[in-house]
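**Q** Chains E and A supply the protein sequences, listed in that same order.
Using full-length UniProt numbering, the letters of the first sequence map in sequence onto residues 1 to 303.
Using full-length UniProt numbering, the letters of the second sequence map in sequence onto residues 1 to 234.
Source of the hints: derived by calculation from the structure; they are not laboratory data.
Note that the structure is a prediction, hence the values are computed from the model and not measured.
Please note that the accuracy of each hint is not assured.
Where chain A lies over chain E, by a calculated footprint (3+ residues, C-beta under 8 Å) [said to hold, decoys possible]: (1) 37 to 50; (2) 181 to 189; (3) 255 to 264.
Label-pair ranges, simulated between beta-carbon atoms [to be verified]: (4) 99(A) <-> 68(E): 33 to 43 Å; (5) 68(E) <-> 83(A): 52 to 62 Å; (6) 4(A) <-> 159(E): 17 to 27 Å; (7) 38(A) <-> 288(E): 26 to 36 Å; (8) 41(A) <-> 290(E): 41 to 51 Å; (9) 125(E) <-> 37(A): 17 to 27 Å; (10) 109(E) <-> 178(A): 39 to 49 Å; (11) 258(E) <-> 147(A): 52 to 62 Å.
All C-beta atoms in this analysis are idealised placements derived from N, C-alpha and C, irrespective of residue type, glycine included.
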Amino acid sequence: MSGLLIEQSTPLIQLQDGGRFGVRHLGVSQGGAADWLSMYWANWLLGNALDAAVIEITLGGLGVLIQQDGCLALAGADLAATLDGQALEPWQSFTVRAGQRLRFSHPQQGLRAYLAAPGGFACTPTLGSCSTVSREGLGGLHGEGQALVSGDTLQWPGTAEPRQLPRELIPDLSLKQPLDLVLGAQIGDFSGQSLFDLFNRPWQLDSRADRMGIRLLGPALEYQGAALISEGIPLGAIQVPPDGQPIVLLNDRQTIGGYPRVGALTPEALARLAQAQTGDCVRFRPVLEQQAQARHLQILAGF
Amino acid sequence: MKVRVEVVAMDCLMLRLFDDIDEAHMPWLLAAVQRLRAEFGPGLIDLVPSYTTLMLHYDVQRIGAVQARELIATALENLQPAGEGGGRLHEIPVWYHRQVGPELELLAARSGLSVSQVIERHSGHAYHVFALGFAPGFAYMGLVDPQLAAPRLATPRKRVTRGSVALAERQTATYPQTSPGGWNVLGRTPTALFDRALDGYSLLQPGDRVRFMPVDHAEFLRQGGDDTPLEALA
C-alpha cells in the first residue's frame, strides 16, 4: 500500500469519480468530476477504470507529501504544479518517491487539474460513489462530504509505469470553438430575439460559479411560456431564471427545478466549460440529440 | 393519457404525462416508473419522477435515441395506475408545538382556525409524495387543505432543524437534515428520513403516501426526538 499526506488544501480540492447514479429520484445530486474528460485521461494513463476516484484540484492550493514510492498521473488544467520544485506538466504519469513534495499553486491554463493514482484512490463509496458533494454531506474520503483537508492520508492499491499522453490525444479544452448545446426542453417558448442572442452573442462567465452551476452574463433571455412545475434537470442544462441571465447547471446541481431551460450542453462542452475561468467568454452552437450522441460515442471510443 | 416525449439533453428525455398537480396522478407515474425500469434494464441510469413528469437518463453506449423511444412506447402501452400496493403508506409521528413549530400560531391566525384545528387538518390527510429534491430525502408532499395554505417565509431561515415538519402553499415536507429553508414550520418528527443505513436510503419514495400522527412531548422524546427550540422569525 502506497500513500500520500495532504499538507495544504482548500474546500475546492475534493475526491471525485464518475458520479452518483441510481439515486437521483431520492433527491441525491449526481456529483462527479466536472471535467470528466481530464479525469478519464488521468485514469487512462495508469490503466485504471476511467471513472476511478481522483483528486479534483480547482484553482490550486494543494500541497502533498509523498509517503511511499509509486507512480501518479496528472491531467487537465496547468496549475503550475511542481514536484520538489521541478515543474510538472499535465497529461502524463510520473514517478514519485517517499519524501517528495507535490504542489499546485495557481492556474496557468484551465481551472481544474486531476490527480490519479494506480487503481484509484482508496475510498469507501457512499451511495455507490466516492464523489464529494459538500452540500449534501455525501462522499469524499470519510463519506461525510468534506473536501480534502490537511492531515488526510490517501492510499492506492496498484502500481504503474510513467508515460506521457501522445500529443494528438490531448483533448482540446480551449474555448476557441463554440460549445455544443443540445436544443430542447422549453426552447420553443423563448423569444426569437433571445434565440438569436443565445447563439450569436458571447456569454461571459460570472464570478458566481461553483460545482452546482455557472452564471453567464449577456443580453437577458426572454421566456414567454407559462410557469413550470418543477421537473428533473439534466447535467449541463441551461436554465433561465426571471432575470434572464442563464445558468449552466453542473454536477452538484439539485435534482429538480422549475426554471425554463433552452436545452443542455453536451458532455464534451461541459468538460471544456469546467476549465473556463471567471471573465472568459463562451459561445454556443446548436446540435441535435443524435449528432451529440454520435460525437460522444466517438470520444469514448478514443480511450 | 397522452405522453409527450421531449429531448432535454443528449442522453435525457422528459416524459410529460400530465399538465397539473394532482394526487390522482401519482399512481400513474408510479406505474410508469416500474414499467420503464423493467423495459430499460441496465441501460437506465436514472429516472426522476416529479409531479407531472418523469426524466429518463439512459446510457447511450447501450441504447440509441431511436431505441429509447421504442422502449418508452412499449413500456407505456396499456398503462394502468399502480394499486394501493404501489407506494407504501407511512405513519410519521409529529410533535406539533410552538417550541419546535414556530409558525404553528401564525398558520392558525392566517387561516382563522385554532391551533388544534390546524393540527387536525394537517394530520387528517394521507399525503402523496410528488417528488424528492432540494436535499437528499426531502419529499414534496400534498395536497394540504387549502385553508392552511400559506406562502413561504419572506426571509428563509439559515438553519431548519432536522425532522422539522413544514408547509408552503399546498405542499408539506419534513427536513431530512438540518439545512436552510423557507417553509412554515409547525412541528418536528423523531423519525429518521434519510439514512444510508435505511434500505433504499430514503424512508419516503416518490409515490408513497404519508400520514402525520400527532404525538405529545413525552412520546416525541421517547422516540428519540430532539426538542431544541427553533426560533421564530420576527
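**Q** Each hint should be assessed against the structure and marked as holding or not.
**A** Structure-based check of all given hints:
1. 37 to 50: violated (count 0)
2. 181 to 189: Holds, because 4 residues of the region 181 to 189 of chain E bring their Cβ atoms closer than 8 Å to Cβ atoms of chain A.
3. 255 to 264: As far as the region 255 to 264 of chain E goes, the hint holds, because 6 residues have Cβ atoms under 8 Å from chain A.
4. 99(A) <-> 68(E): 33 to 43 Å: Roughly 55 Å apart at Cβ, these two residues miss the hinted range, so it is violated.
5. 68(E) <-> 83(A): 52 to 62 Å: holds (59 Å)
6. 4(A) <-> 159(E): 17 to 27 Å: Because 53 Å falls outside the window, the suggested range is violated.
7. 38(A) <-> 288(E): 26 to 36 Å: Check passed, 29 Å falls within 26 to 36 Å.
8. 41(A) <-> 290(E): 41 to 51 Å: violated (22 Å)
9. 125(E) <-> 37(A): 17 to 27 Å: Hint holds: Cβ distance 22 Å, inside 17 to 27 Å.
10. 109(E) <-> 178(A): 39 to 49 Å: Holds: the Cβ-Cβ distance is about 40 Å, inside 39 to 49 Å.
11. 258(E) <-> 147(A): 52 to 62 Å: This hint is violated: roughly 25 Å between Cβ atoms.
This entry does not satisfy hints 1, 4, 6, 8, 11, going by the numbered hints stated previously.
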